Amino acid sequence: VNQRRRLMAIAALACGAALLTAACGGGSSSGGASSGGSIRGQTITVMVPYDMPQKLLDQFTAQTGVKVNYVKLGWDATHTKLVTANAAHEYIADVAEFDWSFTGQFAGAGWVEPLDAVLSKPLLTNLKNTDAAFTANGHTWAACYSNDFRVSMYNKKMFAKAGISSFPATFDELAADVQKLKAAGIQYPLAIPMGATEGGVTPWYLLTLAMGGQLFDDNLKPVFQSPGSPGYKALQWEVDALKSGWVSPGAVSLDDTPTFDKFTAGQNAIVLATGPGNMPTANDPKTSSIAGDAALGLVPGTTGPGASFGLPEGLSIPTTAKHKDAAAAFIEWWEQPKNAIAIYHAQGSLPCGADALKQLAASGQLQGGDVVNAELPHVAPLFPAGAPIWYEQFSSDAQGLLNAAVKGQMSVGDALNQLAEKAAAHNQ
Amino acid sequence: VRLWRHREGDRSAREAQILGWLFVAPAVAVVAALILYPLVTGFKQSIRSGGFLFGEQPGYVGLRNYRDVIHDPTSQSAMRHTVEYVLVAVSLEILLGIAVAVTLHRVFRGRGFVLAVLILPWALPSVVSGVLWRRVFDPDNGMLNSVLLQLHVISQPHVWLASGRGAIVYITLVHVWGVLPLISLIFLAGLQSIPEEVYSASAVDGAGPWRQFRYVTLPLLRPSIAIALTVGTLLAISIFDEIYVLNGTALNTRSILIQVYNTTFVTADFAHGTALAFLLAAVTAAFGAIYALALRRATV
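Read top to bottom, the protein sequences are chains A and B. Mapped onto our numbering, the consecutive letters of the first sequence carry residue numbers 1 to 428. Mapped onto our numbering, the consecutive letters of the second sequence carry residue numbers 429 to 728.
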């Protein structure tokens, strides 16, 4: 009997411990945000999908006394984790990635803090050129750190071999050059990702703009479904490029990163849509087989260089952040021209701040700087009034339907009609 | 004395009962916190509106989300694909699993080595096997195209994962490659539990190898077949990694679990995502119940 009582006592203790654990696990960990007071001694979590040298973070810690737990995840994983944590109102980071495509969804749901009152006026002014993509409901929701926009890239050596002296300015010239490149032995001259991913639909966005069109009108009504529209022609152009053997048949399963890897492995001569920040990678012998041969080109258009669009990425402060003042200090630090330039060299994120861009160009450190400067006037946001609240649904629909069209499982017209119907339904 | 002993006996029985409950309580608490609570919360979410992110007033909407996902063409095609995955995968796993088990049941030199090699694909995480097979199916640099081109079976590179039915079969093969070792081991254990005397008696009655397999092995393997069917079906219904790694969220290979992921985590539509997840859980539970009944009938 005594032994049984001892067992009962042990079991009761175990039971209590389990209940305590369960109770603790179920609680919210959002914590309170620090407001005012010293930030020294705080530790912030920063979640961004790109590398950051530890020595740069150490400099921030030395300046502010704030330690940084830097978490690097893949872009898709970052979005998934942010959506899950934000929807559950759980803490995930103090500074978090904020892609241009998040604006409608994240601002609409109130998942991030407006930065107008948090960041300094000089910084906000310095970022003025790129903050349209992060603006919704009259507030700025993120501070741009990656001035990404679409530009073309080509292999100079392959162009020389094919007897081409300059990058094509129009789609007609591009067609002629692709034939020359094929004749010179390059089996698939063009690299275009067409997989069912976000990276697989951005070339269609770009081609639509480059062909002189838009995806939506001012009321966010889709304008890409009629056969004469640039959006329709853009998708047809992608399908024809596949059928003509300009693009590898395997492109239908590829995202943008593996597509770019094939270009840097020397398998293709042209990447139609990439970011200028990829130049250091393409010309680095450690990461590229074509180092020294990669050059930037203006996106072709119908009668001359075509329009392009920006895909900037920013830093945001989630509403569940624990140390919002320290988070704001980190964003201010990142955006300082000296640090933004160092980060450009480390991770390829072209700075957004006007001062940093000027310094970078003046010092000659901006690879392909002349093309970048020439492309910038052609760059416009895909959604001038900020990405709508339903952009993620539209993008997800587009990924599946455009992929079905390039695979030949659906006609271009059917795919775009279905996409337009879904977009119109989201917009209601 | 008798009364005192009787009372002592009652108390002892009650204490034994309390002790039993105390031992079970930690497990119940953990299960309640980690399974029941999320289940209840998830179900509540599945009967609420998507909220203002989707232009709706927050609130309960009954079974509307369930009706929406059942009538959504993309979800319907994902359901159809999942049925195809399950049918192809389970059929292949049962047929090949029995064949492999019967072969390995015989004693031959190197059997231990073959067994060790057989278990390797099961030991690999499904994401890793997906990445390995992506190199096989890659249209530009893949091993499969390279071999077939050299053998002049094909004249130009084939895009294996672009076609509808074909892509589903290829992805299922990758899944079967990973699950087959487990199914084979289930059948091997079943074969080893059949007494040798049964085969000797059937041989005396004049049964050859095929009749022995048909009338002795297969009937006595019924419990193993029921277990293999259960495991194979549940694993095939929840297929995700292989599809995601090989073909992303492409419509032609999208399974119901990929659709749940896309709806919930990409578009942040938790209401419809959890509704779809609950429908999937109900179907999985129904399959589990059917197989459990079959197993009971096979073993009683």
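Heads up, a few of these hints could be off.
In silico SDA-like links for lysine to any residue, alpha-carbon gap of 20 Å or less [as the list claims (entries may be wrong)]:
1) Lys-243/A <-> Gly-592/B
2) Lys-243/A <-> Ser-583/B
3) Lys-182/A <-> Asn-569/B
4) Lys-286/A <-> Gly-301/A
5) Lys-81/A <-> Gly-470/B
6) Lys-262/A <-> Ser-574/B
7) Lys-262/A <-> Leu-572/B
8) Lys-81/A <-> Tyr-689/B
9) Lys-286/A <-> Pro-53/A
10) Lys-262/A <-> Val-673/B
11) Lys-180/A <-> Gly-199/A
12) Lys-81/A <-> Val-673/B
13) Lys-81/A <-> Thr-469/B
14) Lys-243/A <-> Ala-455/B
15) Lys-422/A <-> Asp-500/B
16) Lys-157/A <-> Pro-53/A
17) Lys-422/A <-> Arg-495/B
18) Lys-262/A <-> His-586/B
19) Lys-243/A <-> Gly-408/A
20) Lys-262/A <-> Asp-500/B
Rather than coming from a laboratory, the hints here were simulated on the basis of the structure. Everything numeric in this text was worked out from a predicted model, so none of it was measured.
Discussion item. Against the 20 Å threshold, does the CA-CA distance of Lys-81/A and Tyr-689/B hold or violate the hint?
Written reply: At roughly 12 Å apart (the allowed maximum being 20 Å), Tyr-689/B and Lys-81/A satisfy the hint.
Item to complete: Assess, step by step, whether the Cα of Lys-243/A is no farther than 20 Å from the Cα of Gly-408/A, and give holds or violated.
Response: holds (10 Å)
Worksheet item: Do the alpha carbons of Lys-262/A and His-586/B lie within 20 Å of each other, as the hint requires?
Response: holds (18 Å)
Fill in: Pair hint Lys-286/A and Pro-53/A, alpha-carbon separation not exceeding 20 Å
It holds: about 17 Å lies between the C-alpha atoms, which stays within 20 Å.
Discussion item. For Lys-81/A and Gly-470/B, compute the direct alpha-carbon distance and say whether it is at most 20 Å.
Written reply: holds (18 Å)
Worksheet item: Does Lys-243/A pair with Ala-455/B here, judged by a C-alpha cut-off of 20 Å?
Response: Violated, at roughly 60 Å.
Fill in: Pair hint outcome, Lys-286/A versus Gly-301/A [Cα-Cα no greater than 20 Å]
It is violated: about 34 Å lies between the C-alpha atoms, which goes past 20 Å.
Practice prompt. Measure nothing beyond the straight line between the CA atoms of Lys-81/A and Val-673/B; if it is 20 Å or shorter, mark the hint as holding.
Written response: holds (19 Å)
Discussion item. Hint check: Lys-262/A vs Leu-572/B, CA-CA at most 20 Å. Holds or violated?
Written reply: holds (19 Å)
Worksheet item: Is the hinted pair Lys-262/A and Val-673/B satisfied, with a Cα-Cα distance of at most 20 Å?
Response: holds (18 Å)
Discussion item. Run the distance test for Lys-262/A versus Asp-500/B: straight-line Cα separation, threshold 20 Å.
Written reply: violated (37 Å)
Fill in: Pairwise hint evaluation, Ser-574/B against Lys-262/A, where the allowed Cα distance is 20 Å at most
holds (17 Å)
Hints 4, 11, 14, 16 and 20 from the earlier list are contradicted by this structure; the remaining hints agree with it.
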